[in-house]
Structure formats: C-alpha cells, structure tokens
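Colleague: Residue numbers (our numbering), protein chains in the order written: chain A, 1 to 227; chain B, 1 to 227; chain C, 1 to 227; chain D, 1 to 227.
To be clear, the hints were calculated from the coordinates, so they are not data collected in a lab. Do not rely on the hints blindly, as some may be mistaken.
Which copy is meant is left open, because identical chains are indistinguishable; a pair holds if it fits in one copy or across any two.
Stated by the list, open to error - Within a straight-line C-alpha distance of at most 25 Å, the following computed SDA-like cross-link-like pairs (lysine to any residue) qualify:
1. Lys195 with Asp46
2. Lys192 with Ser137
3. Lys85 with Pro163
4. Lys139 with Lys192
5. Lys192 with Phe204
Please read all numbers here as calculations on a predicted model, not as lab measurements.
Number of protein chains: 4
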Amino acid sequence: MTQSLPLAIVAGAGPGLGNTLLSRFKDRGYQVVGLNRSLPSKTDFDIRVVDLTDEQATNAVIASLIKEYGAPKVVIHNTAQLVIKPLAETTAGDFEACWRSMALSAFVLAKSLMQPMVDNGGGTFIVSGATASLRGSAKFSAFSSAKFALRGLTQSLAREFQPQGVHVVHSILDGIIDTDNSRSLHSMDPDKMMKPEDIAAVYFGLCEQPRSTWTHECDLRPFDGSF
Amino acid sequence: MTQSLPLAIVAGAGPGLGNTLLSRFKDRGYQVVGLNRSLPSKTDFDIRVVDLTDEQATNAVIASLIKEYGAPKVVIHNTAQLVIKPLAETTAGDFEACWRSMALSAFVLAKSLMQPMVDNGGGTFIVSGATASLRGSAKFSAFSSAKFALRGLTQSLAREFQPQGVHVVHSILDGIIDTDNSRSLHSMDPDKMMKPEDIAAVYFGLCEQPRSTWTHECDLRPFDGSF
Amino acid sequence: MTQSLPLAIVAGAGPGLGNTLLSRFKDRGYQVVGLNRSLPSKTDFDIRVVDLTDEQATNAVIASLIKEYGAPKVVIHNTAQLVIKPLAETTAGDFEACWRSMALSAFVLAKSLMQPMVDNGGGTFIVSGATASLRGSAKFSAFSSAKFALRGLTQSLAREFQPQGVHVVHSILDGIIDTDNSRSLHSMDPDKMMKPEDIAAVYFGLCEQPRSTWTHECDLRPFDGSF
Amino acid sequence: MTQSLPLAIVAGAGPGLGNTLLSRFKDRGYQVVGLNRSLPSKTDFDIRVVDLTDEQATNAVIASLIKEYGAPKVVIHNTAQLVIKPLAETTAGDFEACWRSMALSAFVLAKSLMQPMVDNGGGTFIVSGATASLRGSAKFSAFSSAKFALRGLTQSLAREFQPQGVHVVHSILDGIIDTDNSRSLHSMDPDKMMKPEDIAAVYFGLCEQPRSTWTHECDLRPFDGSF
Chain A
1 MTQSLPLAIV AGAGPGLGNT LLSRFKDRGY QVVGLNRSLP SKTDFDIRVV
51 DLTDEQATNA VIASLIKEYG APKVVIHNTA QLVIKPLAET TAGDFEACWR
101 SMALSAFVLA KSLMQPMVDN GGGTFIVSGA TASLRGSAKF SAFSSAKFAL
151 RGLTQSLARE FQPQGVHVVH SILDGIIDTD NSRSLHSMDP DKMMKPEDIA
201 AVYFGLCEQP RSTWTHECDL RPFDGSF
Chain B
1 MTQSLPLAIV AGAGPGLGNT LLSRFKDRGY QVVGLNRSLP SKTDFDIRVV
51 DLTDEQATNA VIASLIKEYG APKVVIHNTA QLVIKPLAET TAGDFEACWR
101 SMALSAFVLA KSLMQPMVDN GGGTFIVSGA TASLRGSAKF SAFSSAKFAL
151 RGLTQSLARE FQPQGVHVVH SILDGIIDTD NSRSLHSMDP DKMMKPEDIA
201 AVYFGLCEQP RSTWTHECDL RPFDGSF
Chain C
1 MTQSLPLAIV AGAGPGLGNT LLSRFKDRGY QVVGLNRSLP SKTDFDIRVV
51 DLTDEQATNA VIASLIKEYG APKVVIHNTA QLVIKPLAET TAGDFEACWR
101 SMALSAFVLA KSLMQPMVDN GGGTFIVSGA TASLRGSAKF SAFSSAKFAL
151 RGLTQSLARE FQPQGVHVVH SILDGIIDTD NSRSLHSMDP DKMMKPEDIA
201 AVYFGLCEQP RSTWTHECDL RPFDGSF
Chain D
1 MTQSLPLAIV AGAGPGLGNT LLSRFKDRGY QVVGLNRSLP SKTDFDIRVV
51 DLTDEQATNA VIASLIKEYG APKVVIHNTA QLVIKPLAET TAGDFEACWR
101 SMALSAFVLA KSLMQPMVDN GGGTFIVSGA TASLRGSAKF SAFSSAKFAL
151 RGLTQSLARE FQPQGVHVVH SILDGIIDTD NSRSLHSMDP DKMMKPEDIA
201 AVYFGLCEQP RSTWTHECDL RPFDGSF
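Using the sequences and the hints given, assemble the complete structure.
Modeller: Set out below in structure tokens:
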C-alpha cells in the first residue's frame with residue numbers, strides 16, 4: 001500500500017460530471033478511482049466496474065482499493081437514473097430501479113466506507129441531489145421518491161458520522177448539467193446549463209472546508225434558472 | 001356489486017392505529033376492508049392478507065374489492081417497519097425492507113387504485129408519515145430514508161392526481177402512538193402519547209375536506225411533545 | 001362577566017374570510033368578537049376597532065373583552081396587507097407596513113392573550129399564512145418577508161405555549177380566497193378559488209383537535225391548484 | 001473615482017466576523033469598507049457609521065461609496081441583534097428592534113445597492129442567517145421572527161436579481177462563532193465553535209462561484225454540532 005496521494009472515489013463515473021470530477025481531483029493531487037456499472041466507452045481514468053447495489057461485490061472492490069491506496073479522503077456519490085412518466089406508465093420495476101440506483105447504492109457505498117474513513121482520520125462524503133430531492137412533481141413519482149430517500153439517508157449519515165470526523169454533504173444540483181447528452185436532449189441555451197467543471201470546483205471546495213464550518217446542504221443552479 | 005356504502009381501505013390493518021381507523025370509518029358509514037401482510041390474531045374486520053410489494057397479488061385483491069364494492073372513496077396507507085440501528089448494524093436487507101414496507105407498498109397500492117378512484121369521481125388517499133419523514137437522524141438511516149421516499153412519492157401523487165379529483169395527504173405523526181405495544185416498549189407517560197382514536201378523527205376530517213380546501217401535508221403531535 | 005359561551009376572537013374581521021369565520025364560530029356556539037383597523041361598512045358582528053400594532057390600545061381592548069367574556073378559547077389572526085412590486089418600487093414604508101400588519105400585530109395580540117389563555121385552561125391560536133410564507137418570490141420582497149416573520153413567530157409561540165395548553169397553528173392558505181374582491185381582481189374560474197366557508201370549517205376542526213393530536217402546520221389549497 | 005480594486009462592503013463590521021470578513025477580502029485584493037451603527041473601539045478598516053434602517057442616511061453613504069469606488073462586487077449583510085426571552089418578557093420594542101436590525105436593514109441596503117450592482121455587471125450579495133432562520137423556538141419569538149423575515153426577503157431578492165446577474169446567498173450559521181465575546185458568554189469548548197476566518201473563507205468562495213453554479217442557500221456548522 002502506497003499512501004503518497006490521498007484517494008478520491010467517484011461513484012457514477014461515466015462521461016459528464018463523473019469524468020470531470022475525476023479530472024478535477026486528479027489535478028489537485030488526488031489518486032482518483034471511478035466506480036461504474038459498466039466501463040465507459042472512453043475514459044482516461046481507473047474505473048472499476050461494480051454494481052453498487054451488490055453488497056458483496058462492492059465490499060470486495062472497496063477492500064481492494066483500501067489495500068492499494070488506504071481509506072479514501074473523498075467519496076462522491078453521483079449515480080443517477082432518470083424516469084419521467086405518469087404513474088400509469090411507471091412500473092414497480094422503474095420505481096425500484098430508481099431507488100436501487102440512487103438510494104441503495106449510496107447506502108451500500110457508505111456502509112463499506114464510513115468506518116474505514118473514520119479510522120483513517122476522517123474525510124468527505126458528498127452526495128448529488130436534484131430539484132426532485134426537495135419537491136415531488138407529477139411524472140416524477142419514481143425519481144423524486146428515490147431522490148428523497150437519498151436525502152433522508154444522507155441526513156442520517158451526517159448526524160451519525162460528522163461527530164466522528166466524516167463531513168457528509170447533500171448537494172442539490174437544481175438544473176441541467178451541460179453534457180453532450182443534455183445538449184442533444186434539450187433545446188435549452190447551453191449558457192443556462194450547469195458546467196461540470198464548475199460543479200467539480202464547488203465539490204472540491206466542500207472537501208476543503210475546515211471542520212469548524214462544514215456545509216451539510218447547499219443548492220447549485222445556473223444564474224438564470226427560475227427556481 | 002353493491003354500492004350502498006362507500007368503501008374505505010386501510011393498508012396496515014394490525015392492532016393499534018390500523019384497527020382504530022377501520023372502526024372509525026365503519027362507524028361513520030363506510031364499508032371497511034383492511035389489507036395486511038398477515039392475519040391479526042384478533043380483529044372484528046374484513047382483513048385481506050396480501051403482500052403490498054407484490055404487484056400481481058395486490059392488483060388481484062384490489063380488483064376483487066372493486067368488483068364487490070366499487071372503487072374506494074378512502075384509502076389509508078399506514079404500514080410501518082421500524083429499524084433503529086447504527087449504520088454498522090443496519091444491513092442492506094434492513095434498508096430494503098424498510099423501503100419495501102413503506103415506500104414500494106404505497107407505490108403499488110397507488111398504482112392499483114388511483115385510476116379507478118379517478119374514474120369513480122375521486123376520493124382521498126392518506127399516507128402516514130413520521131418525524132423521520134422530515135429529518136434524518138443518527139441510527140435512522142433505513143427508516144428515515146424510507147419515510148423520505150414515501151413523502152417524495154406522496155407529493156408526486158398529489159401533483160398528478162389532485163387535479164383529477166383524488167385528494168392526496170401526507171400526514172406526519174410526530175409522536176408515539178398509544179398502543180399496548182408502545183406502552184410495553186416505552187416508559188413514557190401515556191398522557192403524552194397520541195391516541196389512535198384522535199388520529200382517526202383527524203383522518204376522517206381530512207376525508208371530509210371540500211375540494212376548495214384540500215390539505216396536502218399536516219403534522220400531528222401531542223401537546224407536550226418537544227418538537 | 002358572563003361565561004355562558006366560549007369566546008372566539010377574529011383579528012382581521014373585514015368582509016371575506018374574517019366575516020365568515022365569525023359566522024361559523026357563532027353558529028357553533030361561540031361568543032364572537034372581531035378586531036379590525038376600521039369598522040367594516042356592513043357587518044352583523046361585534047367589531048372592535050383597534051390598531052393591533054399599538055400595544056396599549058390592544059391591551060385595553062383585550063382586557064375589556066376578557067372582563068366581559070373571560071379569556072378566549074379561540075383566537076384567529078387573519079390580517080393581511082398585500083404588496084406586489086419589484087424591489088425598486090417597494091418603499092421602506094411598504095416593507096414596514098406589511099410587517100406591522102401581519103407580524104407585529106400577531107406578536108402584540110399573542111402577548112396580550114397567551115397568558116390569560118394559559119390561566120384559563122388553554123385554547124387555540126390560529127394564524128393564517130400564505131404561499132409566500134414558505135417561498136420568497138420576485139416582487140414579493142415585502143409580503144414574503146412579513147409572512148416568513150409571522151411563521152417564525154408562530155413556531156416560537158407553539159414551542160413555548162403548547163406545553164402550557166395553548167394549541168398554536170400556522171395554516172397556509174395556498175390559493176386565492178373566493179370573495180367579491182377576488183372575483184373583481186382575478187379572472188380566475190371561481191371553482192378554483194378557496195371558499196371562505198370551507199376554510200372556516202377547517203379552522204373550526206383545528207380548534208376541536210384533542211390535545212393528543214395537535215396540528216401545528218397544515219396547508220390548504222384548491223384541488224386544481226398547481227403547487 | 002478609481003476602479004483599481006473591486007469594492008466589498010460588509011454591513012455589521014464590528015469585532016468578530018465582520019472584522020474578519022473585511023480582513024479576508026482585503027487580503028484577496030478587494031477595497032473593503034465596513035458599515036456599522038457605531039465606530040468599533042478598535043479597527044484597521046474604513047468603517048462608515050450609518051443606521052441601515054434610515055433610508056436617507058444609507059442612500060447617502062452608498063452613493064458616496066459608489067462615487068469613490070464604483071458599485072460593489074461584494075456585499076455582505078451580517079448585522080445581528082440577539083434577544084432570548086420568554087414571550088412575557090419580550091417587549092414590542094424588542095420584537096421591532098430585532099426586525100429593524102436584521103430584516104429592515106437588509107431591505108434598505110439591498111434597495112440602495114441592487115440596481116447599481118446590476119448596472120455594473122453583477123456581483124454577490126450574501127446574508128448571514130442562523131439556526132433560528134429555519135426553526136422558531138421557545139424564547140426566540142423576536143429573534144426567529146426577524147431571521148425568518150430576512151430569509152423570505154433574501155429568497156425574493158434571489159428570484160428577482162439572479163437573472164439580472166447578482167448572486168444572492170442566504171448562509172445559515174448554525175453554531176456559535178468563536179469570538180472573545182462568545183468565549184466569555186459560553187462555557188463551550190472553543191473547538192466546537194465556528195472560526196470567523198473559516199466562515200470568511202466560505203463566503204469568499206461563494207463570491208467566486210461562476211454563474212453556472214450559484215448556491216442560494218447553504219448551512220455551516222462545526223463538525224461536532226448536534227443539528
């Protein structure tokens with residue numbers, strides 16, 4: 001095990017925000033590792049393929065990373081599965097898939113990492129929320145319910161682990177992230193989309209907060225967003 | 001199918017609040033049916049045993065009830081599964097069981113009933129939340145996450161179905177309900193516990209609200225509760 | 001002092017909701033008295049003209065009412081002053097007038113009445129909030145700020161006085177109330193407005209809640225309102 | 001008018017956080033000016049004495065600052081007046097003083113500065129909230145009501161001015177700030193207090209946020225704080 005660089009783990013490491021987060025933390029001197037359900041077609045980073053809802057598989061990957069690099073100083077949970085459908089078209093499978101992808105995965109990840117982080121002197125655990133974390137809307141029954149679940153989990157983790165030295169953040173991304181994918185899906189002016197590198201800068205700043213002033217929840221949105 | 005009495009369904013129909021709700025709505029002229037995972041050892045009511053996380057089984061029971069009594073005018077979701085453990089002792093199984101019991105069951109129930117209620121001229125769908133619906137706490141990672149999930153779902157249902165005539169309520173029970181079980185578990189003065197019959201009276205009042213003034217969220221707590 | 005009937009005081013007793021509240025509580029057996037800044041041009045009720053931001057004047061009126069009827073069982077604070085202007089057009093006078101009308105008046109009223117209500121065995125103190133109580137919006141800087149102030153005050157009163165027997169409620173009226181005035185101001189379908197008599201029925205129900213299940217905050221809105 | 005350095009204005013510029021904010025922004029290349037009700041006994045900075053609830057006096061001071069330095073790029077509202085008393089001991093004067101000190105002062109300041117900031121290409125307007133901004137408590141009727149008022153105002157300003165280029169932030173300081181004054185008032189371990197320089201670093205970071213990712217609300221608290 002080498003410990004020359006602090007470890008940052010990004011769960012949900014596809015193109016877009018995940019990739020940018022890896023890039024930012026690498027540039028600032030972190031050893032970075034991505035966790036993803038599948039291997040992105042193109043990446044410059046060390047991505048470990050794992051289903052974060054599979055407790056055994058996740059524990060094995062995390063144990064191996066800790067053995068290589070020590071417990072992480074930074075963990076970012078950034079998985080997403082979007083379902084926008086009226087209730088009649090939303091299946092129990094959709095409802096469960098959203099929850100597994102966004103809430104159960106965060107639970108399994110936290111369970112595998114919180115104690116090692118505490119034992120290693122603390123760190124930062126950031127979770128990405130969305131507009132739907134604060135407000136359920138028509139056609140968002142599956143997505144909102146899962147994002148609410150993630151927020152409730154994150155608050156619980158903050159209240160359990162902050163006194164033990166792990167800073168837990170729920171960051172609400174209240175807008176469309178400017179990715180190739182978003183530009184093809186939305187006709188929105190890209191000037192009104194959130195830049196992945198700007199989000200990554202905020203996340204990096206949250207990891208640098210001294211423990212006398214930890215933010216648990218903050219929102220981020222483009223200047224022009226109605227909210 | 002007889003339609004002499006409007007139908008009220010109570011999901012989570014064990015002793016305590018479930019049983020009291022059945023009693024209250026029966027007294028006020030409803031045909032009442034309880035849904036429960038298992039048959040309570042003692043009940044005066046028509047209880048159908050069904051696993052509400054099983055979509056097929058739930059649809060079959062609901063279809064049969066609608067055939068007998070017509071679509072319900074009142075549906076109360078009142079299932080609960082309490083887990084209070086530090087993260088290290090909370091298993092992924094606990095985390096999932098809470099969510100299945102409280103969030104997935106509400107989704108499956110809503111999906112089976114919302115359209116028939118709309119087609120039948122509307123009605124009221126009430127969900128029981130808890131303190132943990134608004135605030136995650138240490139040792140409540142599984143329970144809070146599931147209760148948050150339920151709240152996000154309920155808000156989404158309100159915004160989709162209230163314009164179609166179904167009143168959707170998220171009622172936050174912020175206290176200990178006075179049941180035989182609570183009295184044996186807690187040393188609390190019963191005068192500071194919530195009486196099931198008082199909760200039932202509030203739920204009945206919510207079902208009577210005219211559509212010009214529908215409450216979506218309200219809290220209920222004993223007068224002496226610190227909150 | 002006669003005590004044959006319990007006293008209900010409605011502050012903000014003009015035509016519309018105030019008048020309807022007086023009517024409802026009178027019908028249900030209360031001695032009702034309205035407090036208003038000016039005498040409505042037409043009313044069937046006992047209206048006392050008082051500036052509720054004037055502590056001395058308010059104390060004098062309340063002392064006289066207590067002498068006549070005993071401490072009230074029900075107090076409803078229902079004053080409103082609407083300002084909708086961009087910041088540039090909102091004067092410090094507007095900002096202060098909203099706050100005096102809605103927040104300071106509630107403080108002065110509570111201060112004059114809470115202790116007598118406690119001494120008299122308790123009662124209910126209801127405050128009318130609005131959409132703007134939960135969310136500040138462009139052009140609502142004066143109105144939202146005052147409604148937020150009222151909510152913060154009401155929460156504080158609840159936490160101080162509920163353990164002493166006075167039920168304190170913050171009721172969020174999230175819609176347009178159907179009055180002659182609203183119909184002339186808005187082109188909205190009256191079917192989508194809140195009926196004063198329906199609001200009054202809810203307020204009456206809140207006053208009847210047994211102390212094992214007190215609601216502190218609830219929202220009310222028409223079935224069709226987007227929210 | 002020289003424009004070599006961007007202007008940062010700190011309203012509430014006494015010893016403690018105000019002074020530290022001036023120091024931080026000065027170190028990072030800002031021209032800094034403090035506004036205060038009275039001249040601190042000791043300060044290294046340019047402090048203008050002004051009553052921010054006096055619209056004329058405030059406008060005069062701001063006009064003079066804009067003439068000297070141009071419209072500010074950063075404005076921090078950090079005034080506070082703490083009242084902790086049961087309702088019976090809280091006077092209408094206390095209630096009004098809290099509101100004038102914290103809410104009216106922010107309104108007057110915003111009104112004098114928002115348009116010049118818009119015209120000057122934008123900037124950041126930060127307001128300091130507190131635990132009491134989110135939750136009213138017994139003995140905090142005056143303080144909570146004023147802090148709620150400030151939050152409602154700030155949300156309204158954000159929704160009106162962010163689309164015009166002024167970033168508006170409500171920062172919730174959920175803890176005791178470590179100052180000489182706090183150490184003499186509280187027996188709390190200083191390790192559990194918020195360091196003024198850490199808060200200042202967060203505020204500086206908020207001012208640096210690019211407009212694709214603006215935070216409107218964030219909380220800050222010490223790692224060990226129960227919350």
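Colleague: For every hint, state whether the structure bears it out.
Modeller: These are the hints, each one checked on the structure:
With identical chains, the CA atoms of lysine 195 and aspartate 46 are at most 25 Å apart within one copy only, with a shortest distance of 23 Å there and 38 Å across copies. For the homomeric pair lysine 192 and serine 137, the shortest alpha-carbon distances inside one copy (22 Å) and between copies (20 Å) are both at most 25 Å. Taking the shortest Cα distances, lysine 85 and proline 163 sit within 25 Å of each other only across copies (17 Å), while inside one copy they are farther apart (40 Å). Taking identical chains as interchangeable, the C-alpha atoms of lysine 139 and lysine 192 lie at most 25 Å apart whether they share a chain (23 Å) or sit on different chains (23 Å).
For the identical chains of this complex, lysine 192 and phenylalanine 204 are neighbours both inside a copy (22 Å) and across copies (24 Å), given an alpha-carbon limit of 25 Å.
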